[in-house]
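Listed below, chain by chain, are the residues.
Number of protein chains: 4
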Amino acid sequence: MSFVHKTYLRPRYADTDQMGIIHHAKYFEYFEIARTELLRSLGLPYAALENDGYLLPLIDCYAKFIKPIKYDQLIRIETNLEDFSGARIHLAYKIFDDETNDLLSEGYTKHSWVKKINLKPTRPPLKFLEVIKSK
Amino acid sequence: MSFVHKTYLRPRYADTDQMGIIHHAKYFEYFEIARTELLRSLGLPYAALENDGYLLPLIDCYAKFIKPIKYDQLIRIETNLEDFSGARIHLAYKIFDDETNDLLSEGYTKHSWVKKINLKPTRPPLKFLEVIKSK
Amino acid sequence: MSFVHKTYLRPRYADTDQMGIIHHAKYFEYFEIARTELLRSLGLPYAALENDGYLLPLIDCYAKFIKPIKYDQLIRIETNLEDFSGARIHLAYKIFDDETNDLLSEGYTKHSWVKKINLKPTRPPLKFLEVIKSK
Amino acid sequence: MSFVHKTYLRPRYADTDQMGIIHHAKYFEYFEIARTELLRSLGLPYAALENDGYLLPLIDCYAKFIKPIKYDQLIRIETNLEDFSGARIHLAYKIFDDETNDLLSEGYTKHSWVKKINLKPTRPPLKFLEVIKSK
Chain A
0 MSFVHKTYLR PRYADTDQMG IIHHAKYFEY FEIARTELLR SLGLPYAALE
50 NDGYLLPLID CYAKFIKPIK YDQLIRIETN LEDFSGARIH LAYKIFDDET
100 NDLLSEGYTK HSWVKKINLK PTRPPLKFLE VIKSK
Chain Z
0 MSFVHKTYLR PRYADTDQMG IIHHAKYFEY FEIARTELLR SLGLPYAALE
50 NDGYLLPLID CYAKFIKPIK YDQLIRIETN LEDFSGARIH LAYKIFDDET
100 NDLLSEGYTK HSWVKKINLK PTRPPLKFLE VIKSK
Chain V
0 MSFVHKTYLR PRYADTDQMG IIHHAKYFEY FEIARTELLR SLGLPYAALE
50 NDGYLLPLID CYAKFIKPIK YDQLIRIETN LEDFSGARIH LAYKIFDDET
100 NDLLSEGYTK HSWVKKINLK PTRPPLKFLE VIKSK
Chain W
0 MSFVHKTYLR PRYADTDQMG IIHHAKYFEY FEIARTELLR SLGLPYAALE
50 NDGYLLPLID CYAKFIKPIK YDQLIRIETN LEDFSGARIH LAYKIFDDET
100 NDLLSEGYTK HSWVKKINLK PTRPPLKFLE VIKSK
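Protein chains in written order, with numbering that gives the first Met the number 0: chain A, 0 to 134; chain Z, 0 to 134; chain V, 0 to 134; chain W, 0 to 134.
There may be inaccurate statements among the hints.
Claimed, not checked - Mimicking DSS-like on lysine-lysine, the simulated pairs with C-alpha atoms at most 30 Å apart in a straight line are: (1) K134(V) <-> K66(Z); (2) K93(Z) <-> K109(Z); (3) K66(A) <-> K69(Z).
Hints in this document: simulated from the structure, not taken from any laboratory.
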């Protein structure tokens, strides 16, 4: 399976800082929105996975800042679900200016499936494995 | 009882926006820090109150922006616990430049005590009432 | 003129706090998004107004928290441009659950037009007055 | 030169998310606070460097999440200025629970010196080089 999902958004004014650009920590919130929308597009809203007792905390994350992102700029985030076989999932992200197609940033996040009740690692939800297999 | 508590802090760079000043939504985070420190000074850390099963969600809040706050400016927040008799508490805040004593902002937050388990209104924790009475 | 604009959004995971609901300070970011979209719908993107040398800093703001907002809940913000005649503008907001139409929050923000170059109060941009008059 | 600086802080309530822990994007704000305090300890407050016309935007950043950080937990951030010779600086961070000395997170940020006026790369401020040399 190779699966790329596209999400579009406009940064909030509150996401800017006094350099006049989007603050670097906010990129990880954009990656998170992209993850949320990727899961929704698979019919697996993250809110429902949490209700079923699963969480996806981060193991680590990385971002590279290629060109600044501005307030209200229409950006496109392309998300690639790279590894999802075991107890971990690995997602890679590219952020583009949707008009010029300039690459603005790239990064990744790695997560492990854990049970909400005890935060212990667990196998992925069956629903998730079935959906992934069918792609 | 009249009780005023002072908290000091320096705004984070991430709290600025592209106007070059602290974003207005962050003032409510500063009020929250001031509340946390007021409760700690009373020997009632909010984290411990939550562990005991209480929450203090907001009913409403207000802030007035008198002079801008800048990144890294040393500010002093004076917090006044105005009403705390019943199931609600009412706090008022003033933010000063700690060097010039200029008044930068004032505002308030109103809260109700609720049980963590069901988010239903409840009487204040006994510990809280005892501490307050002793002031 | 009576002018109500509707904006739809889903709160980010990063907007939640450990009460399991959206943090109160984030409501002011949602009001800000609603303002941005109202201005865009009038053909007056706020980013363009800033480029023309205008800013709209806040004078004060208020929010009332009626029912909690949850992560990923589809909300509708109805924004009413209540007063806009002079150097100030006054906006009122209502947040609804878009499915149930439950009122979740209401609030307001008051702003003054200032020049970017010196942060001094100024008359509204001509473009803004013309658009408003034509409604 | 090997230079390690220690900063202490308590996470804000607003920094938590509905997992009941500090949201991962906030770690980069903590690294930023640690940078700010490291520079202040060298007699080079970042606010003053910006006033002198310099900015330090990020090239990239990374964080690893070893144990969760909780609201109001006293944490210690140890910051190591690893490379600072040329137009770039490289900082590494470790976050500890200040009571137990458990390692909670580690990460890094890389920055380039740019001129505020045109965002073009530039040599580090002379003041910075002199201070660094004297360590």
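Checked hints:
Distance check on the hinted pair: K134(V) and K66(Z) sit about 34 Å apart at the alpha-carbon level, beyond 30 Å; violated. Between the alpha carbons of K93(Z) and K109(Z) the distance comes to roughly 15 Å, so the proposed pair stays at or under 30 Å and holds. With a C-alpha separation of about 26 Å, the suggested pair K66(A) and K69(Z) falls inside the 30 Å cut-off, and the hint holds.
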